[in-house]
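Produce the complete structure using the sequences and hints provided.
Okay, here's what each chain looks like letter by letter:
Protein chains: 10
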Amino acid sequence: MSNTNESDFRDILEVFENPAPHRDFTIEHNCPEFTSVCPKTGQPDYGTIVFTYVPDEVCVELKSLKMYLQRFRNEGIFYEAITNRILDDFVAVVKPRKLRVESRWTPRGGLNSNITIEYP
Amino acid sequence: MSNTNESDFRDILEVFENPAPHRDFTIEHNCPEFTSVCPKTGQPDYGTIVFTYVPDEVCVELKSLKMYLQRFRNEGIFYEAITNRILDDFVAVVKPRKLRVESRWTPRGGLNSNITIEYP
Amino acid sequence: MSNTNESDFRDILEVFENPAPHRDFTIEHNCPEFTSVCPKTGQPDYGTIVFTYVPDEVCVELKSLKMYLQRFRNEGIFYEAITNRILDDFVAVVKPRKLRVESRWTPRGGLNSNITIEYP
Amino acid sequence: MSNTNESDFRDILEVFENPAPHRDFTIEHNCPEFTSVCPKTGQPDYGTIVFTYVPDEVCVELKSLKMYLQRFRNEGIFYEAITNRILDDFVAVVKPRKLRVESRWTPRGGLNSNITIEYP
Amino acid sequence: MSNTNESDFRDILEVFENPAPHRDFTIEHNCPEFTSVCPKTGQPDYGTIVFTYVPDEVCVELKSLKMYLQRFRNEGIFYEAITNRILDDFVAVVKPRKLRVESRWTPRGGLNSNITIEYP
Amino acid sequence: MSNTNESDFRDILEVFENPAPHRDFTIEHNCPEFTSVCPKTGQPDYGTIVFTYVPDEVCVELKSLKMYLQRFRNEGIFYEAITNRILDDFVAVVKPRKLRVESRWTPRGGLNSNITIEYP
Amino acid sequence: MSNTNESDFRDILEVFENPAPHRDFTIEHNCPEFTSVCPKTGQPDYGTIVFTYVPDEVCVELKSLKMYLQRFRNEGIFYEAITNRILDDFVAVVKPRKLRVESRWTPRGGLNSNITIEYP
Amino acid sequence: MSNTNESDFRDILEVFENPAPHRDFTIEHNCPEFTSVCPKTGQPDYGTIVFTYVPDEVCVELKSLKMYLQRFRNEGIFYEAITNRILDDFVAVVKPRKLRVESRWTPRGGLNSNITIEYP
Amino acid sequence: MSNTNESDFRDILEVFENPAPHRDFTIEHNCPEFTSVCPKTGQPDYGTIVFTYVPDEVCVELKSLKMYLQRFRNEGIFYEAITNRILDDFVAVVKPRKLRVESRWTPRGGLNSNITIEYP
Amino acid sequence: MSNTNESDFRDILEVFENPAPHRDFTIEHNCPEFTSVCPKTGQPDYGTIVFTYVPDEVCVELKSLKMYLQRFRNEGIFYEAITNRILDDFVAVVKPRKLRVESRWTPRGGLNSNITIEYP
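Protein chains in written order, with this note's numbering: chain A, 1 to 120; chain B, 1 to 120; chain C, 1 to 120; chain D, 1 to 120; chain E, 1 to 120; chain F, 1 to 120; chain G, 1 to 120; chain H, 1 to 120; chain I, 1 to 120; chain J, 1 to 120.
A couple of the hints might just be wrong.
Straight line, CA to CA, 20 Å or less: simulated SDA-like cross-link-like pairs of lysine to any residue [claimed, not checked]:
{"#": "1", "chain 1": "D", "residue 1": "K66", "chain 2": "D", "residue 2": "K40"}
{"#": "2", "chain 1": "D", "residue 1": "K40", "chain 2": "D", "residue 2": "I77"}
{"#": "3", "chain 1": "B", "residue 1": "K98", "chain 2": "A", "residue 2": "T116"}
{"#": "4", "chain 1": "C", "residue 1": "K63", "chain 2": "B", "residue 2": "K98"}
{"#": "5", "chain 1": "J", "residue 1": "K40", "chain 2": "I", "residue 2": "P19"}
{"#": "6", "chain 1": "A", "residue 1": "K40", "chain 2": "A", "residue 2": "N74"}
{"#": "7", "chain 1": "H", "residue 1": "K98", "chain 2": "H", "residue 2": "V15"}
{"#": "8", "chain 1": "G", "residue 1": "K63", "chain 2": "I", "residue 2": "V37"}
{"#": "9", "chain 1": "G", "residue 1": "K63", "chain 2": "D", "residue 2": "E102"}
{"#": "10", "chain 1": "E", "residue 1": "K98", "chain 2": "D", "residue 2": "E102"}
{"#": "11", "chain 1": "C", "residue 1": "K66", "chain 2": "F", "residue 2": "N74"}
{"#": "12", "chain 1": "I", "residue 1": "K63", "chain 2": "E", "residue 2": "G42"}
{"#": "13", "chain 1": "J", "residue 1": "K40", "chain 2": "I", "residue 2": "E118"}
{"#": "14", "chain 1": "C", "residue 1": "K63", "chain 2": "B", "residue 2": "L111"}
{"#": "15", "chain 1": "D", "residue 1": "K66", "chain 2": "D", "residue 2": "Y46"}
{"#": "16", "chain 1": "J", "residue 1": "K66", "chain 2": "J", "residue 2": "K95"}
{"#": "17", "chain 1": "E", "residue 1": "K63", "chain 2": "D", "residue 2": "D8"}
{"#": "18", "chain 1": "F", "residue 1": "K63", "chain 2": "C", "residue 2": "L111"}
{"#": "19", "chain 1": "D", "residue 1": "K40", "chain 2": "E", "residue 2": "K63"}
{"#": "20", "chain 1": "A", "residue 1": "K63", "chain 2": "J", "residue 2": "Q43"}
{"#": "21", "chain 1": "B", "residue 1": "K66", "chain 2": "H", "residue 2": "P39"}
{"#": "22", "chain 1": "I", "residue 1": "K63", "chain 2": "J", "residue 2": "G109"}
{"#": "23", "chain 1": "A", "residue 1": "K66", "chain 2": "A", "residue 2": "S7"}
{"#": "24", "chain 1": "H", "residue 1": "K95", "chain 2": "H", "residue 2": "E61"}
{"#": "25", "chain 1": "D", "residue 1": "K98", "chain 2": "E", "residue 2": "D24"}
{"#": "26", "chain 1": "I", "residue 1": "K40", "chain 2": "G", "residue 2": "E17"}
{"#": "27", "chain 1": "J", "residue 1": "K63", "chain 2": "H", "residue 2": "T106"}
Don't read these hints as lab results, they were simulated from the structure.
No experiment lies behind these values; they were computed from the predicted model shown.
Right, dumping it as structure tokens:
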């Protein structure tokens with residue numbers, strides 16, 4: 001389990017110019033191969049992260065989004081904290097007009113959890 | 001079939017500090033391995049309990065939620081009563097901004113039932 | 001095909017005290033084993049009846065609901081009439097704050113039908 | 001491919017008295033065995049027609065609805081036109097308070113189409 | 001990878017007279033066999049394009065819509081740009097009262113994306 | 001619950017001449033609307049009966065098969081006995097080269113059962 | 001309902017040279033848009049015809065297979081007879097090394113049927 | 001967690017006379033509401049038990065099978081041991097010609113297990 | 001539509017040393033993004049190609065397999081011919097102990113086809 | 001990407017005494033949360049590993065199997081090699097009478113792969 005500071009992560013996210021900034025439209029990226037580590041048990045967690053956003057001046061570049069998510073592979077962090085952090089990072093770099101981040105996790109102890117955050 | 005008083009159950013639920021109390025976000029815990037006992041027939045009932053809530057100052061700790069639900073394993077209690085009691089216990093301990101509790105039960109006598117309660 | 005008057009049917013439905021009359025909550029009973037008889041062809045009809053209601057002072061007792069629905073087994077009655085009658089019987093005995101009755105029927109002549117009634 | 005005038009078709013539709021005209025309720029008839037002929041290619045088209053309506057004084061008789069739809073079996077008519085015509089015929093005979101007609105068609109050339117019309 | 005100008009593409013789209021311009025109704029065309037080329041990697045992309053529109057004076061002719069979409073087969077263009085371009089072309093030729101274009105793409109690098117644009 | 005003797009039931013089954021007795025081929029009739037009565041509890045049972053057979057000189061007439069199965073509607077008989085009886089009746093009247101009868105029952109007390117018999 | 005003689009139908013089926021007659025391989029054509037007419041009730045029947053064959057010298061041409069099946073659109077013929085006839089026609093024209101024809105029919109009177117014939 | 005000896009469990013299983021001992025036929029009982037306790041963690045396990053057997057002189061009575069399985073509710077026993085024990089108990093009491101017992105368990109630690117035993 | 005000779009295609013396929021040539025094991029590659037062109041209509045075809053093989057001395061390299069399949073993007077070739085050709089190319093380069101190639105195609109004219117070839 | 005020698009991995013696997021060594025029975029462990037690293041691209045791979053085995057003297061302990069699989073989390077290894085290695089490790093420690101290992105991988109470049117090995 002490593003600890004990385006915020007800017008290390010945000011620097012990975014790249015953007016490109018929105019091809020249609022004159023209108024609102026919605027982009028969804030569905031990322032089913034997310035994994036991090038439970039800080040309590042040291043066991044890996046597995047989940048899906050879904051980004052749904054209305055771009056403003058820029059769109060997120062897909063490959064950089066994938067690399068960004070891979071940075072959590074050996075991070076120790078709770079469901080609730082990770083989802084809020086991903087939203088904050090995305091907002092800081094992409095500055096979307098609207099954003100929803102959902103995380104859906106595989107079962108642990110017979111329970112499974114989903115977290116949803118909307119911005120603004 | 002045993003009888004346990006309220007505080008015995010609520011004491012099991014543990015919480016941790018909400019990592020993002022400055023915003024509303026939604027947490028769903030889906031618990032498909034619930035079982036209790038029908039007080040009329042003495043036969044076991046099986047169901048799924050789904051919690052969907054917006055945390056305020058604290059979030060519910062997942063393992064304690066599982067232990068809390070297991071306390072009903074040998075309790076004799078009706079569908080309608082159990083669902084209301086679970087909501088009341090959750091509200092008392094977690095004090096969420098919003099909460100919905102759903103219980104979905106396996107068929108009995110060819111009928112199956114679902115109960116949904118929203119708070120506030 | 002027999003003919004039974006209304007009170008014969010309603011007398012079967014039993015209720016118990018609502019454990020949480022101070023709040024609105026929703027109960028759904030899904031009854032996939034309904035059968036009656038088509039009054040035109042004398043052939044059996046098969047369907048699912050779904051009750052979704054907000055109880056007021058009382059809740060319907062599940063076993064009596066099953067026995068009530070079984071009383072239609074040899075009744076000759078059309079889809080539209082039966083669904084209205086079931087709603088009227090339920091309202092008369094259970095006096096719910098809100099109620100929706102849906103009936104969904106297996107195909108006849110290559111067509112299948114669903115009826116939905118909301119009260120009030 | 002034959003050509004039939006409007007009244008020939010509408011005369012097939014039969015109705016019966018609404019058993020509960022004092023309340024609004026919804027009837028859905030799902031008809032997955034519809035076929036007509038493409039006027040351009042002469043090839044058969046296959047689809048599903050779904051009627052969802054709130055009856056006023058009368059309900060449509062199910063067998064006559066089936067016979068009505070079968071009359072299109074050898075008619076040459078486009079998706080958009082046929083769906084509008086079916087709605088007009090239904091409104092003329094059944095005079096519902098509300099009506100939605102949907103037609104969903106099997107793929108042609110790798111594309112499949114759905115048409116939805118609401119009345120009034 | 002070729003480059004074609006706008007009018008080359010729009011000229012392919014054909015229309016026919018709306019059979020019921022006096023009312024609003026909805027037409028959905030679901031096109032699961034779309035392919036273009038990623039301008040960055042030169043690799044083919046595969047997706048589904050869904051058009052949902054309310055026609056005004058004309059409807060789009062189905063075969064021409066298919067031919068139009070096939071023109072992108074060897075075009076190098078990004079997800080976000082292509083979806084906006086398809087919407088602009090459709091609006092320019094069909095002039096619908098309302099339109100939604102969705103593009104849903106097969107996974108790349110373990111992520112899959114959907115774009116949705118509504119007009120006006 | 002009535003009691004009917006064997007010949008009453010078998011007399012309902014009708015047959016027609018096999019159009020291709022010179023070859024073995026397989027016919028499957030899937031009958032999902034079967035209902036009888038549990039002789040122990042007096043409660044209705046619901047199931048699906050599937051006939052899979054290779055006809056010899058005659059095939060079973062479909063409408064008579066349906067009427068035959070409806071005769072069990074108010075019969076009190078166990079799963080195991082009913083399935084054996086249906087096989088015996090079918091063999092007696094249709095004299096197939098091969099036959100399999102399966103009965104699949106809706107859940108009772110949280111358990112569901114299937115019976116399969118092959119002839120010869 | 002019309003009556004057409006055998007050669008009228010078989011003449012529609014066209015073949016092309018097997019590109020790999022030196023080996024056995026299997027071709028499946030799945031035809032879900034089949035319709036004919038019940039000779040007893042005059043009502044349309046709907047089904048799926050599946051051809052699975054090992055070609056010998058020739059393969060069946062797909063469009064001619066479609067046209068062949070469309071010829072049954074207004075033919076009055078029973079499930080068992082039609083399936084045998086289709087097999088006989090296919091064998092006569094395509095002369096496959098092996099062939100299986102399956103027909104699967106939509107429900108009639110709450111029952112649905114499948115016929116399977118293997119050659120040789 | 002209690003400990004019960006073998007005869008306590010086997011005494012619960014009841015049988016009735018096989019209605020067709022002259023032929024082999026297959027009975028499947030699917031029991032999705034099984035629960036026991038993990039002897040290592042003290043946590044409840046949840047699973048489905050499926051019995052598939054050819055009866056000899058007797059069949060198992062369904063309600064007694066359910067009561068038998070409920071006796072494991074508070075037993076501490078491993079997956080592999082429990083499945084073997086259930087098979088042994090069933091064989092001792094029902095003496096079937098053939099038997100297969102399958103147990104399928106809900107996920108623990110991200111893994112789920114199935115055990116299958118055949119007799120003889 | 002272009003025409004490419006055999007060696008152009010086979011040269012794309014690359015292999016790597018089988019890590020376990022001392023035992024038989026099975027590798028399946030499922031390729032759902034295949035497209036070619038119908039030589040008759042000039043219209044694109046879409047399908048899935050599935051390779052299931054037992055490697056001998058070498059395994060096929062996944063990225064080269066993808067590049068190989070992309071070479072058919074603008075080739076005009078029939079279903080039956082293309083599937084045989086892919087099998088021949090794979091055998092020539094990978095020399096597997098066993099191989100099955102399946103191609104499954106999206107519907108054309110309401111029919112869809114699958115081809116399966118086994119080697120040797 | 002780290003490199004670990006064989007004994008490091010095998011030492012993690014623990015076993016317990018087979019409770020029924022006198023008979024053959026089958027145990028399946030389904031492990032959907034496997035991840036390793038592609039040695040060529042350095043990108044993570046995700047898959048499901050399924051073990052199906054007949055135990056001899058010992059069974060594999062479930063938690064140790066999970067810990068064993070987690071050791072591959074940062075290993076750089078190809079699909080074909082990893083599956084063979086897992087089989088070899090399992091055989092070395094558990095010495096089963098029979099074993100099948102399947103690995104099923106999420107799509108890469110639009111293709112997805114499955115490997116199956118049987119022992120002996």
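Evaluation of the provided hints:
{"no.": "1", "hint": "D/K66 - D/K40", "verdict": "violated (26 Å)"}
{"no.": "2", "hint": "D/K40 - D/I77", "verdict": "holds (9 Å)"}
{"no.": "3", "hint": "B/K98 - A/T116", "verdict": "holds (14 Å)"}
{"no.": "4", "hint": "C/K63 - B/K98", "verdict": "violated (34 Å)"}
{"no.": "5", "hint": "J/K40 - I/P19", "verdict": "holds (16 Å)"}
{"no.": "6", "hint": "A/K40 - A/N74", "verdict": "holds (14 Å)"}
{"no.": "7", "hint": "H/K98 - H/V15", "verdict": "holds (16 Å)"}
{"no.": "8", "hint": "G/K63 - I/V37", "verdict": "holds (16 Å)"}
{"no.": "9", "hint": "G/K63 - D/E102", "verdict": "violated (30 Å)"}
{"no.": "10", "hint": "E/K98 - D/E102", "verdict": "holds (18 Å)"}
{"no.": "11", "hint": "C/K66 - F/N74", "verdict": "holds (17 Å)"}
{"no.": "12", "hint": "I/K63 - E/G42", "verdict": "holds (14 Å)"}
{"no.": "13", "hint": "J/K40 - I/E118", "verdict": "violated (31 Å)"}
{"no.": "14", "hint": "C/K63 - B/L111", "verdict": "holds (9 Å)"}
{"no.": "15", "hint": "D/K66 - D/Y46", "verdict": "holds (15 Å)"}
{"no.": "16", "hint": "J/K66 - J/K95", "verdict": "holds (18 Å)"}
{"no.": "17", "hint": "E/K63 - D/D8", "verdict": "violated (32 Å)"}
{"no.": "18", "hint": "F/K63 - C/L111", "verdict": "holds (18 Å)"}
{"no.": "19", "hint": "D/K40 - E/K63", "verdict": "holds (11 Å)"}
{"no.": "20", "hint": "A/K63 - J/Q43", "verdict": "holds (12 Å)"}
{"no.": "21", "hint": "B/K66 - H/P39", "verdict": "holds (18 Å)"}
{"no.": "22", "hint": "I/K63 - J/G109", "verdict": "holds (8 Å)"}
{"no.": "23", "hint": "A/K66 - A/S7", "verdict": "holds (17 Å)"}
{"no.": "24", "hint": "H/K95 - H/E61", "verdict": "holds (13 Å)"}
{"no.": "25", "hint": "D/K98 - E/D24", "verdict": "holds (15 Å)"}
{"no.": "26", "hint": "I/K40 - G/E17", "verdict": "holds (15 Å)"}
{"no.": "27", "hint": "J/K63 - H/T106", "verdict": "holds (15 Å)"}
In this structure, the hints that do not hold are numbers 1, 4, 9, 13, 17, in rising order.
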